[in-house]
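Can you make the complete structure from the sequences, with help from the hints?
Protein chains: 4
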Amino acid sequence: MGLTIGVDIGGTKIAAGVVDEEGSILETCKVATPPTSEGVIDAIAEAVRTVSTGHEISAVGIGAAGYVDEKRATVLFAPNINWRHEALKDKVEQRVGLPVVVENDANAAAWGEYKFGAGAGHDDVICITLGTGLGGGVIIGNKLRRGRFGVAGEFGHVRVVPDGLLCGCGSQGCWEQYASGRALVRYARQRSVATPENAGILLSLGDGTPEGIEGRHVSQAARRGDPVAVDSFRELARWAGAGLADLASLFDPSAFIIGGGVSDEGDLVLDPIRKSFRRWLVGSQWRPHAQVLAAQLGGKAGLVGAADLARQG
Amino acid sequence: MGLTIGVDIGGTKIAAGVVDEEGSILETCKVATPPTSEGVIDAIAEAVRTVSTGHEISAVGIGAAGYVDEKRATVLFAPNINWRHEALKDKVEQRVGLPVVVENDANAAAWGEYKFGAGAGHDDVICITLGTGLGGGVIIGNKLRRGRFGVAGEFGHVRVVPDGLLCGCGSQGCWEQYASGRALVRYARQRSVATPENAGILLSLGDGTPEGIEGRHVSQAARRGDPVAVDSFRELARWAGAGLADLASLFDPSAFIIGGGVSDEGDLVLDPIRKSFRRWLVGSQWRPHAQVLAAQLGGKAGLVGAADLARQG
Amino acid sequence: MGLTIGVDIGGTKIAAGVVDEEGSILETCKVATPPTSEGVIDAIAEAVRTVSTGHEISAVGIGAAGYVDEKRATVLFAPNINWRHEALKDKVEQRVGLPVVVENDANAAAWGEYKFGAGAGHDDVICITLGTGLGGGVIIGNKLRRGRFGVAGEFGHVRVVPDGLLCGCGSQGCWEQYASGRALVRYARQRSVATPENAGILLSLGDGTPEGIEGRHVSQAARRGDPVAVDSFRELARWAGAGLADLASLFDPSAFIIGGGVSDEGDLVLDPIRKSFRRWLVGSQWRPHAQVLAAQLGGKAGLVGAADLARQG
Amino acid sequence: MGLTIGVDIGGTKIAAGVVDEEGSILETCKVATPPTSEGVIDAIAEAVRTVSTGHEISAVGIGAAGYVDEKRATVLFAPNINWRHEALKDKVEQRVGLPVVVENDANAAAWGEYKFGAGAGHDDVICITLGTGLGGGVIIGNKLRRGRFGVAGEFGHVRVVPDGLLCGCGSQGCWEQYASGRALVRYARQRSVATPENAGILLSLGDGTPEGIEGRHVSQAARRGDPVAVDSFRELARWAGAGLADLASLFDPSAFIIGGGVSDEGDLVLDPIRKSFRRWLVGSQWRPHAQVLAAQLGGKAGLVGAADLARQG
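Residue numbers (UniProt numbering), protein chains in the order written: chain A, 1 to 313; chain B, 1 to 313; chain C, 1 to 313; chain D, 1 to 313.
Honestly, I wouldn't trust all of these hints.
Examples of chain D residues toward chain C, derived with CB under 10 Å [stated by the list, open to error]:
id : residue
1  : Gly-66
2  : Glu-70
3  : Ala-87
4  : Asp-90
5  : Gly-150
6  : Ala-152
7  : Leu-166
Just so you know, these hints were derived from the structure itself, not from any lab. No residue lacks a Cβ here, since even glycine has one placed at the ideal position from N, Cα and C.
Quick look at the structure:
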């Protein structure tokens, strides 16, 4: 079973690519994400047709945000697209005439990193995606663990603060409210209101107001030493590392892989995460410590992972 | 491989038993836990000899509190006995001349319940032991998951309150400080100080003072409707259920099994746990709900589970 | 100095009234709150003229939401109207030709209750207004305490949960996010999502959905025994009472007076507040307990209080 | 009324001194604190006799830890000495033949600083004593505010973390568990376990173990740049500053005065406190900010304050 196609449905773009057994992408295309549910299915079918030209394709893997059922066929709930119990597998199979596997996008990215990226040589790996929100995937014994109903690995919605920040999921105090790109921006804005004198660089990158601060400004300002920006990354790292310590108590993996846009900053953010991880790791002097690794595939992890999961059937 | 012996090392008693393939205990004995590390090993050997008389035994499984390494041979750290990197497997094998497997006691109990108790028919189960502290075990795909270094499933030390109560493990805000027998007693004592008029039954069961309240008093008083005792169980259930919701986000099991002394109260404690679980379950309207089941083997789960794990080698 | 006028600037209505030395309202009028800052000042002037006809008035007191400076002349910041360093005293004096005193609306209400309502006979009183948000006022030694800069008694923005809910003030974890009318509705909606089977009455009062639940529905449903509604009031009371316990540690008043719309429910909400207060009161067995009283003047406390503060000059 | 005597009852020493109207100490003596309640009263009487020799004394002021009633006569509850409703004023008056005033020790220290120390020129001052625990005093309108029952200003027991650390007072999450000398040592020990490589200097000052770290080690190590020690002071400052922001919302003083052993480090600890204060001050851009000042009288504030309160009768 040689080539498969991976599809990554993002909030703004749908990417499709032909992927071989080594995880290399042979062909790729991107289209804007249509606003309607049916439009998205059309766009997937079209993208699959486009990239498959001239290749013999055996299956298609689709990574989508949201809950996917245990048969990897139906999207139970998608936060961005209006999918509720959407039979995505059947609908796409009818259009493209190939076997389709649907997977949660963070699971797909986790699998991509595990198999072809930073996870090489590890059997038990937890992947964390620090993007706008916080997602992840669980590999135990070299298998992606999806749970009984297909919805394991929803790290972002573990409660880390009782009575904490409201989350879009309807709960309060979810981890992704404290460790994500959105959290980083909130930290930077709050600190800029209180101590504008320490946010000179940061404020100069946007429109001069705290409200005008965006994620990329915080990264740029932190690299230039802006105290508020650096402190905002530290706060994010505190929460991220403390959460990894909890996951170590639960899963005891040999490695954590940190991906997503926030991780693009490399050791600027990974070093404080490692420090916080050790700070909160229970029994740290009595146990081997899991490694905290940077993801290697960048934004392609989901596409590559989805294609590989489809190959496995 | 017919009969094996399970050994359960508790803080006050060591129990050993001969167990068959159906999980039935054919023979059993109990001795007081000696105060020294060497004494414990002597006592284990003696107990194994005692119960094995007249049986053909193929292996011994030992459940011990603390961290056990991934080879199931060495106790890295035990909270109660002064074991630090103790080669328990080798030492006991030399004494009893049988293959020995060492396992964390909560893992052993989890396995016992999964295989012979409430877990029948489930492939993915999380077991929680609400005893003096809070322990647990993870079964995914019909296998006990021990993590890369053997220390997975340490549920009790997940942080549920940032800057929360100090824990014996050195960290703060650990789940077992809020959901355990010790927590139950603390709730009851604090409430009895503040509103003694609502703790009449409860206070009458001990020496009349809040400090004199013990765990069994809270159970007895709750069954008789004492408002402070009932409210203390509810508080425990709030924390227990919220934690189960987090575990559902992470592991997505088909069932939770609740064991340990606190669970002896049955639906008095399980019903509020179920209510709190649903209250905090993320995406509760979009996903199947895991069952929350009472353990069935009582205090024998650890012994039976350890014996069965030894059988599997 | 006989009659004065009190003005209460609310989000939707401006009320003015002629008040005598016993706190009785002789004449009153209400107009809709205009959308612009200048419009509000016109409306105040017009309302003052309307009610003063036929009375000899010596001064005007205005209660306004927001920060008022220590001279009781300038509104530093108002959350609802677009006032920033607005010289309200001067502007209104020019229009009405009478001495004007500006006061924070919760302070005015506190003074009204202290002087003519539930505070009779007390020298040291803390008033809490549980309306949409949470406000309050401090009376120590029979004087309203405004602080050095005029902004004391901002109870609603004390932090009760580190890293807690975002507040409109820019901070996180403010008390009013947990103990206010808005919090009550949030509790009811969240619980209705998780356990709709316990919210039958509550959901039937609105449009059937959790999002459709409003404050008055929670009150009505609680009086009819709806479990989710009752539990939502209890949650609010837990936070309210715990906060009173903190205020007792700080101010040690002889009484708390609870006003605002939430308090209209009387003992339905006051009894659980009292219970939670005793639960959290530090040193409760070693000290006299402050009383927790229901406000008596209802929505008129602010108007009456503002008028009386103007009388005192 | 010229000279009075101030007595400061500490956990290990009782200090007495003759104080004039300018707050100068003319004569002083110290004795070890006796273990029994009667012994303490004997020691007070003896110390008063010793220092009064050759001076004409008009009154005695005693500062004692714990709750003192509103008549400033009876110690309702003392945490260190076994006093429960102890009629301290009467007993000491009988022995020394002079009018006696009893005051909470943190109140006495607050008054001393307000009148003769850092509070000069301020009418509304909050004093915080960061010693082993956290105490304080409230001055509003140039008067010490003791509350209706004499127990106002118990800052240390305001709840800052729901479900937080247990406190000796029986409650949980009290401010003094997070901002005090004891908290500082806990921070340093916890961090030294997790990251001993960053605590080289700190660990070298004690016996080499985290448990051996004491308060003075943290101070010394922080001055020498030890990362764990510096970070421990920062953590303390975060909590101290956030608490000051809450007190500003409540009392709106013109100045905070920070005393107690922790404050001996000066700007090493005061600067991060100021930073955290601004970070959490609600409406910081719309209001004048209170000053955060270092105390000036050191350990003598309580003695001088008690003497002056006695002078006022």
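Hint check results:
Because the closest C-beta pair between Gly-66/D and chain C is about 9 Å apart, less than 10 Å, the hint holds. The closest approach between the C-beta of Glu-70/D and any C-beta of chain C is roughly 9 Å, which is under the 10 Å cut-off, so the hint is satisfied. Hint on Ala-87/D is violated. Least Cβ distance to chain C is approximately 15 Å, over the 10 Å limit. This hint is violated: Asp-90/D has a C-beta 19 Å from the nearest C-beta of chain C, more than the 10 Å allowed.
Given the 10 Å rule on beta carbons, the hint for Gly-150/D holds: about 7 Å separates it from the nearest Cβ of chain C. The beta carbon of Ala-152/D comes within 4 Å of a beta carbon in chain C, closer than 10 Å, and the hint placing it at the interface holds. For Leu-166/D, the shortest C-beta to C-beta distance to chain C is roughly 13 Å, which exceeds 10 Å, and the interface hint is violated.
Of the hints listed earlier, those the structure fails to meet are numbers 3, 4 and 7, in rising order.
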